[in-house]
Amino acid sequence: MARLRSRAQLRMSALFLAATLAVPACGGGGSKEAKDAKPSNTVLQNKGSDTMVNVAQVWAEEYRKVAPNVEVEVSGGGSGVGIAALLKGAVDLANASRDIKPSEAEQASKNTGKSPVGFNVGADALAVYVHKDNPMSEITLVQLTDLYAEGGKVTRWSELGITIPGVKDDTIVRVSRQSSSGTYEFFREHALGNRDFRLGSRDLNGSKEVVELVGTTPTAIGYSGMGYATADVKMLKVAPKAGAPAVAPTIAAVHDKSYPLARSLHVYTLGQPEGAVKAYIDWILSPAGQKVVEDAGYVPVAAAGNATGALATEAPAPGAPPAPAAPQPKP
Amino acid sequence: MSSVPSPIRIARAERSRAAVLAEKALEALIRLSGVSAILFVAAIFFFVLKEAAPVLFSEGFSLGQFLFSTEWYPTSANNVRYGTFALTVGTLSVTALAMLIAVPFGLGAAIYLSEFCKPRLRETLKVVIELLSAIPSVVWGFVGLTVMSKLIVNATGAPVGVNVLNGGIILALMSVPVIVSIGEDALKAVPDSFREAGVALGATRWQLVYRVLLPAARNGLLAAVLLGVGRAVGETMAVLMATGHAVHIPGSLLDSVRTLTANIAAELGEAPSGSDHYRVLFLTGTLLFLITLVVNLTADFVVRGIRRK
Amino acid sequence: MAGRFAKTPHIARKEIAESVARSVFGLMSAAMIVPLVLIVGYLVVLAWPALSLEFLLDVPKRGMTDGGIWPAFVGTLYLVGISLLVSTPIGVLAAIYLNEYAKDNWFNRLVNLAVINLAGVPSIVHALFGLGAFVYAARFGYSILSASLTLAIMTLPVIIASTREALASVPMAFREACWNVGATRWQTVRAVVLPNSISGILTGVILQVSRAAGETAPVMFTGAVFFKAVQRGDLFPYGLGDQCMALSMHLYTLATQVPNVKEALPYATAVVLLGSVLLVNATAIVLRIWLRNRKKW
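Chains as they are written, first to last, in the numbering used here: chain A, 35 to 365; chain B, -17 to 291; chain C, 3 to 299.
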């Protein structure tokens, strides 16, 4: 893509810089730059959702074995950041744990004349975690709202009728994510009905950090992707409201959409993918790529049943189903 | 240094034009590099402020709210609020605790190094201090997150080990080396004649220290403390990992807090560039820049005070 | 006899105070060694199962839960190397200006203040600057170049300070002798001052390496990535416009983002980072001591 040109530009600017700033002492700087002129390697940039960053990392790692001359750079940052970078043409692939917004799609066509194309690459259940010694086994969305949302009154486990063994002070330690991570926004939208979070929660930076803190704190509650479960924590069954049946975050429950906090995971490209990008997405949707999704603890597309492999976006996308989505088994 | 003796003029005249020009060019480059520090400081301020400034005129933003509201909801779906007061209090509380620990230890160690210690031991201790100051902040943060938080949970029974106490201890360890080395310099700067006069009057080392040296080196020691504060306020990764990252005014040492620096580090990667949220983070950066600027200038001013005398 | 030479209560008190003060201050100094030893010891013990040459040379595997740190290690080498190429010349020249050329006037006092302040700017503000200036304004994008330049500016005060110290330690008489045989200011600097302080400058460069290698925040937002697939042991995996992994950020992501990672792995990463930084610093210290002992004036 535009990568090769920008690299050449960069090298120019680097030379310029070296020339202006480093004239006298800059004797031996050339070797590294000369070396990066390896022409054969294609660099793909992949940025976005923190929920997906681990999956994306394994994709990159495994894909290197399939296509040794393709280097994939993976960074996190959040769904919004990934999409924002995509809209500027700064990355080739954006990972998002939410759908692209119409406004974003519009901006893309304005900036680049291309509309974003989304691929459904898997699904995730946002699990509510508590410590393994916590006797609670299910929770309703109403209780979650009372616990997490601004104006919510619940501050102690006893108020939920829970006694945690061996703990004197049963103040609930609310663990959350930093604002603007896709996980935070999804939880706010689907669990809290778009109400704001009550301040004072520990807003940790990584999904793993959330689960680790919950795993070491008997009075804690937190939420994170289902792929982050460890032996020290327990995933609660979630009920949409009191009286309704509570559902555990399992592959089957994501599959039949009975788990209230399930979401799809997407990879977006700008316009129909071509060349190396297309090959990469095809591979992601292939059984090998989907196995990565499953191994990471998420739900692969095939198991999500009704998946079409690729989703047209809200944008005025030209062709409806983009790119024949590789050898993808349909149920 | 200033008056140029005539032989040099003769020597210059004998050199080739090219050589003279080359030297002129080189000297120009030296001067340019010399003032580069000013350029860079100005550039830092300019670029950070440039990214921040548009938000000052944005509708959803008020400076009063930014400075004095405790409500930090940068991405709210219905009511975006950018109040950094709780973050400022977070920074202050962690810094204050760090100084409470680091100042006595730092000054104590500085006094020991400068007045009580044998030269060989002094050299060894100085090496240790230098190594201590070289530990990267992310390693400190990692230590806070893993080792220190377990220790704190076990020792205090707090539910969560990442809190003000944790961040304060980590920051104290990080700013002690600054305080010791600047403090020792300040004590060393007191003329030996002061010490000799004290000893001649039969003063012990300790009497000498607290009757003569501490008052004489007062300004330098104050500068040492100020630079320690500057270090603690500006520290990012360590507090990001060790303080627990909760936006609220802490009620006790065992509460989690979020600092101004950690807030930027946590959210910058996720704020789409050009958004109000992104700009508010840059505004926080401007604020931090100004705070550290004032602290450093004050420290320098205080030190200059002693030199005048 | 006991009576005649017995200490008066006043003197006894004085001596007690003296020994109390000595031990309290001594303990305070000792209190600084303890954390260094404990931290390093603890990290090494926990890291031990994973530490090997293979750990250094191997790439992260199985979703970064296994394998080594090569891409991060080599990424840090790139960042440090390139930032050094930029900041060493500027820093040394700036120090030459401040020590050899600058008169004591308000402007140069301002320069001094700027150096002090540059050292005091929080690393996260440097990160903001790098993002605003290099990534966006200069259009270098998220790249090794942007990250290295940010690091270069950040570490500039280190090299300025130690170079100045080295230059200042060259006796004035050396310069005067040189001027007296008709040398210009620059000729003096080149022929007399620099050769006599080159090792001191080297110390500064080394310290700068250690500072740059450990920084996280400035590279996190300007050019360091979560992961990049790199061949095992590949010395040149990155181009100047690429993004790279960095050791410091790798430690951060291992500690906060990667689930079910082998327990020793983050500790081993911390030990490699800490070990490299301390080793580099120790080199600088040894060099400095050796120089001091060798000095003839």
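Some clues are possibly wrong.
[Unchecked claim] Simulated pairs of lysine-lysine, DSSO-like, Cα-Cα distance not exceeding 30 Å:
| hint | chain 1 | residue 1 | chain 2 | residue 2 |
| --- | --- | --- | --- | --- |
| 1 | B | Lys32 | A | Lys135 |
| 2 | A | Lys166 | C | Lys9 |
| 3 | C | Lys63 | A | Lys166 |
| 4 | B | Lys170 | C | Lys63 |
| 5 | C | Lys105 | A | Lys99 |
| 6 | A | Lys166 | A | Lys135 |
| 7 | A | Lys268 | C | Lys105 |
| 8 | C | Lys9 | A | Lys268 |
| 9 | A | Lys202 | A | Lys187 |
| 10 | A | Lys268 | A | Lys135 |
| 11 | C | Lys16 | A | Lys99 |
| 12 | A | Lys99 | A | Lys312 |
| 13 | A | Lys291 | A | Lys122 |
| 14 | A | Lys148 | A | Lys187 |
| 15 | A | Lys268 | B | Lys132 |
| 16 | C | Lys105 | B | Lys170 |
| 17 | A | Lys325 | A | Lys312 |
| 18 | A | Lys144 | A | Lys202 |
| 19 | C | Lys264 | A | Lys325 |
| 20 | C | Lys105 | B | Lys100 |
| 21 | C | Lys105 | B | Lys6 |
| 22 | B | Lys132 | A | Lys166 |
| 23 | A | Lys122 | B | Lys100 |
| 24 | B | Lys132 | C | Lys105 |
| 25 | B | Lys100 | A | Lys144 |
| 26 | C | Lys105 | A | Lys271 |
| 27 | B | Lys170 | A | Lys202 |
| 28 | A | Lys325 | C | Lys63 |
| 29 | A | Lys312 | C | Lys105 |
| 30 | A | Lys312 | A | Lys268 |
| 31 | C | Lys264 | B | Lys100 |
| 32 | C | Lys9 | B | Lys132 |
Bear in mind the hints are in silico, worked out from the structure with no lab data behind them.
It should be emphasised that the depicted structure is a prediction, and the values quoted were computed from it without experimental measurement.
**OP:** Any hints from earlier that this structure breaks? Give me their numbers in increasing order, please.
**Re:** Structure breaks hints 2, 4, 5, 6, 7, 8, 10, 11, 13, 14, 18, 20, 23, 24, 25, 26, 27, 29, 30, 31 and 32.
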